[in-house]
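Undergrad: Chains as they are written, first to last, in the working numbering: chain A, 1 to 81; chain B, 1 to 154.
No lab work stands behind these hints: they were computed from the structure. From the three backbone atoms N, C-alpha and C, an ideal C-beta is built for every residue, glycine too.
So the derived list for chain A, only partly shown, Cβ under 7 Å to chain B, looks like this:
1) G8
2) Q9
3) A54
Here are some chain A residues the structure puts well away from chain B; computed CB gaps all over 10 Å:
4) L23
5) A30
6) Q37
7) S47
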Amino acid sequence: MINVLFFGQLKEQLQTGQLSIELPVNDVKALKTALGQRGVLWQECLSGASTLVAINQTIGSDKSTINDGDEVAFFPPVTGG
Amino acid sequence: MQDIIDVQTDDFDQNALYNALRQDSASQGAIVTFSGLVRDFNQGHAIGGLFLEHYPAMTMHSLTNIVGQARQRWTLGKIIVIHRVGHLAQGDQIVFVGVTSAHRKDAFDGAQFIMDHLKTEAPFWKKETTECGPRWVEANPNDEKARAKWGNDD
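Hey, can you work out the whole structure from these sequences and the hints?
TA: This is the structure:
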């Protein structure tokens with residue numbers, strides 16, 4: 001199982017803060033494709049050039065490997081400070 | 001040297017943090033502190049206040065990593081990083097960074113390095129209350145330029 005989190009504007013647009021995926025996905029690109037099955041809005045939000053991804057709290061990319069039990073978070077560019 | 005890194009909803013007392021930096025720091029000849037506040041105007045809109053969201057599991061990891069990188073580049077004494085989350089009003093304090101060092105250059109550079117990386121790497125997101133309703137703050141490209149000037153060897 002993969003724990004998927006969303007933050008900031010993405011969380012509002014998708015109206016989802018957290019979900020679990022049981023599908024066998026090997027990398028972030030495959031996870032995005034699986035989540036894209038939920039509709040055009042999901043495809044647009046996840047494919048945006050500015051959308052960032054973190055795997056187990058470390059910034060990654062579409063090529064990053066995902067293993068069972070990982071936590072994968074999608075979010076917009078950070079704006080703290 | 002024990003760093004103080006904290007994410008909190010409560011306000012912070014800058015004098016108390018300054019005194020903590022100064023305490024038992026006989027060999028430290030310089031203290032640089034930075035405080036970030038909620039402005040009244042941003043990206044063309046009057047700001048009533050803001051809500052700060054973060055990714056709790058990643059935030060401490062990110063801030064600790066940034067402080068560690070600063071320690072590798074400069075000879076620093078004490079480091080304090082405090083970032084607030086939740087609802088903040090106009091004029092409220094958002095972030096505090098304090099760094100001590102034997103000499104001023106390392107302290108200035110260390111504090112600026114930490115802020116430049118915090119602005120572009122630490123998972124915080126601001127949602128402002130404006131006269132047109134709430135809106136998410138967009139990342140400022142100048143923040144990325146400020147971070148990039150430190151190079152990629154970090």
